[in-house]
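*Asks:* Line by line, the protein sequences are chains A and B.
Residue numbers 1 to 174, in the UniProt record's numbering, belong to the letters of the first sequence in order.
Residue numbers 1 to 360, in the UniProt record's numbering, belong to the letters of the second sequence in order.
Simulated from the structure, these hints should not be mistaken for laboratory data.
None of these values were measured; they are calculated from a predicted model.
Here a beta-carbon is modelled for each residue, glycine too, at the ideal position from N, C-alpha and C.
Heads up, some of the hints might be wrong.
Said to hold, decoys possible - Distance windows between CB atoms, simulated:
| id | chain 1 | residue 1 | chain 2 | residue 2 | range |
| --- | --- | --- | --- | --- | --- |
| 1 | A | 83 | B | 329 | 42 to 50 Å |
| 2 | A | 80 | B | 329 | 36 to 44 Å |
| 3 | A | 42 | B | 313 | 30 to 38 Å |
| 4 | A | 64 | B | 304 | 23 to 31 Å |
| 5 | B | 329 | A | 21 | 19 to 27 Å |
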Amino acid sequence: MSFEWPWQYNFPPFFTLQPNVDTRQKQLAAWCSLVLSYFRHRKLYTVDVLEAQESPVFNNKKIERKLSVEAIQVVFEELRKKGNLEWMDKNKTRCLIMWRRPEEWGKLIYQWVSKNGMVNSVFTLYELSNGDDTENEEFHGLEDWMLLRSLQALQTEGKAEIITMDDGKGVKFF
Amino acid sequence: MDRFTWANGLLEMNETLVIQQRGVRLYDGDEKAKLDVGVVLLSTHRLLWRDQKNHECCICIPLSQIIFFEEQAAGIGKSAKIVIHLHAAPANKDPGPYQHSKFSYIKLSFKEHGQIEFYRRLTEEMTQKRWENTPVSQPIDTTAGPKAGRTRAVGIVGIERKLEEKRKETDKNISEAFEDLSKLMEKAKEMVELSRSIANKIKDKQGDITEDETIRFKSYLLSMGIANPVTRETHGSGTHYHMQLAKQLGDMLQAPLELLSPEDLVNACKMFESLKLPLRLRVFDSGVMVVQLQSHSEEEMIASALDNVSDKGSLTAEEFAKLLGLSVLLAKERLLLAEKMGHLCRDDSVEGLRFYPNLF
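Chain B on its own, in the form it takes in the complex (with noise of 0.2 Å):
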């Protein structure tokens, strides 16, 4: 902060204002400057600050002062910031707000946001470098003098600085993930123990397991991804769980589910006959699998098809299925096992696949 000078927030000749912003406070380095919320203002040449509240405190800094700018992005309870890293003050600089300062950077914070835009503006002005076309009448010392040793000095610190805001932030993320891996450990712990006490029951001949403990055990290992654990047969006993889902679509297949994995899904249909629900999950052929109400046996579908297709002459598996209003899939699919029982036959050619009555 010790870059500024006071200033009359006056423009000079050929010097243009290219955005402002309120709502802004400075800070010196990582520390809130002594200065309240205000005015910052872009021009050609400079970058201005000036008290909200004040408008007679005002103070600016050449833009060839900066070195370089970033983002620093918005955090909770933090207002997005613009750091800027500038060179050293120059010798002959004129008073300002701060008389020294161990910073060689500051930062602009956005409270009432606008700093895309300044942003933006300033990485223009920064890189069209107009104040060099159109000097004003303040002398502006930039960076090409004999300061250049230290300045550069100044600059390595600064990024050393940065590196080190790095690090922090880097390790403030690690620990926050490894908070997630110690919730997962202790879970494990949990898991260990039932493991456990499974384990020595069944060696000590101890007591039975309980219905309990093997639905607990069941659902972790569900949980992890091991589905079907210790049964006889892959869908007669089944999972708890898979029960349940079984029963639930059973009574709400119209009801939108909640995200559900295709291999859960399967499982819960192929319980439906054990459970005595009306729907069944059926296999075709060719793999497609279908769910159907239990009504709709493979007699009917086979008679439907061929009077269907008697009634029009042949008929396409899209015609079929606007005529009954099924799918496409599901209406070849019929077609196909109509085909297979001999009562249809297939008429293949360039104009698609149709099915007639079989009459040879």
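So that you can see chain A by itself, here it is in the shape it has in the complex (with noise of 0.2 Å):
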């Protein structure tokens, strides 16, 4: 299934950090919503900020225009303001693209669950990654760094308990 680009994507401006403050939040507010839907399409999860440059996302070859990585900086920014994105490393060069949030997955995956009538039962981290039971739900294939996440954002909900195990960690639900 190829991606839908929207109208900004072909529109020369989006490529330009406008000055205009107005502009600016309304452009900013479409490339979070490109880059989002882009990496929930690819699922892709993490990204290298100069790598970034050259992927399809952020260069248009067909109008040639690209954004700068100032500008990619200042998405990534608006990105991790509404919880959307993590950095890495402290030099900010690699992210984690969380196009659906920690609070999101848990909430499917508990739904998942509920629904199955497996509240109180224990799994590992692998069962529900990639278990046959999950493979058509939206959380299969979820990396391991996002689905602990997800389940620890359930933790503090006190809806799930985290449990170290022999060969890793598992997962009960309440």
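Grab the two chains, each in its own frame, and use the hints to assemble them into the complex.
*Replies:* Given below as structure tokens:
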């Protein structure tokens, strides 16, 4: 399934950080939305800032426009403020794009757990993300670190508990 | 002039004529020689002079007698001259027009010009000293000889004389300069009296300071470069001068004005509104100031910018300028204004800066 680019993607000014504050706000909102939907579509979770410039999402070869590194940083900061991005290092060279926030994932997982009457059961992380039972679920294939975050969110809500087992981590749902 | 000897005007063997110039009068030192105007001739060996009317009257002097020479610029009513300083005449010198002279220099006064070329040629000949290579039959007493000591004394006297001349010239220049200064002093005296009278009036609270006095005072200050003295607001009341200027500008913006300082112009422009003139001084965010007709309201400018950009899809400042017949600077300011108002957005790339309608 090919990705559907939003109209802004083919509008050259989209790739110039707008000086007008109001215009910029709208521009950044569009960028955040584009980044998140693109990453969700491609099931990507991490991005290296310097490599990002060459990614199709920031570089539209057809109209020969690409977002500058400075502008990419601004978009990322915007995503961070919204809770959709986390820096992996102090120098801000690599980040995690959470096109779905941990809380949201947590909710999906818990929904599946309770729908199937598996509350009070214990699962390994692997079972959740790669088990046959979860094959049709959106969270199937979820990367470990994201899964862990999601479960931590549930833990904070008191709906789960992460347990350390012999060969890794597991979780119990309440 | 006592260095000259009578000559027959004929050139010797090996002697070549370099240049000649008519309309030359000779001077013995600073005094006119008792000769008429004649033709001066320069050869490889000698400097000759011949009376224009009486060709039999001809005198000459060997070039080797010349110590140094210099130009004397023309003055008012005075022709350009070449001053030539000479060695003392040898004792066995042939007779000439002057038996004796108190000067050791002569002057050639070029009444019909030609001094520049003559000077150049003389310099060449004196540098090349061609007479040394091909001596002519007449023996010429050169500088080498027992008279060296005396020659030097003469030379020094000549230099001293030159210094004296220079000193007189300097004195003259200084007194001329001070003439201007004394005029300035008189003007200053007037100003001092006026300010004293105003000060007294203020002190004694005696009567009003007349408008005439105020204007005079302000114009004095203006001419000294002090704009806007004693005003409540900077351009509300302004100065009389600026008011007049603003009116003039309003009337004849197209007509060429005399040279005007930018500061005066800006001050005059600031008064358009208070003088109810149909012009406005507009200052953009960037600091650029323009004079525009009042009819150009902001909305109109923005609307026109948006229309044009939408019509063409996108525009650069240069394209917009061309479209509207404006300067690129003004065109850019309009586009920036429309962007500021949110009607346009920009596309900044290696291709340049381009404006689009704001579709965001």
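*Asks:* Holds or violated: 19 to 27 Å for the Cβ distance of residue 329(B) and residue 21(A)?
*Replies:* Holds: the Cβ-Cβ distance is about 25 Å, inside 19 to 27 Å.
*Asks:* For the range 36 to 44 Å, tell me whether the beta carbons of residue 80(A) and residue 329(B) fit it or not.
*Replies:* Between residue 80(A) and residue 329(B), where Cβ atoms are some 40 Å apart, the hint holds.
*Asks:* A range of 23 to 31 Å was offered for this pair. Does it hold for the Cβ distance of residue 64(A) and residue 304(B)?
*Replies:* holds (30 Å)
*Asks:* Can you let me know if the beta-carbon spacing of residue 83(A) and residue 329(B) is within 42 to 50 Å?
*Replies:* holds (45 Å)
*Asks:* Holds or violated: the 30 to 38 Å window for the beta-carbon distance between residue 42(A) and residue 313(B)?
*Replies:* Holds: the Cβ-Cβ distance is about 32 Å, inside 30 to 38 Å.
Checked against the numbered hints given earlier, the structure satisfies every one of them.
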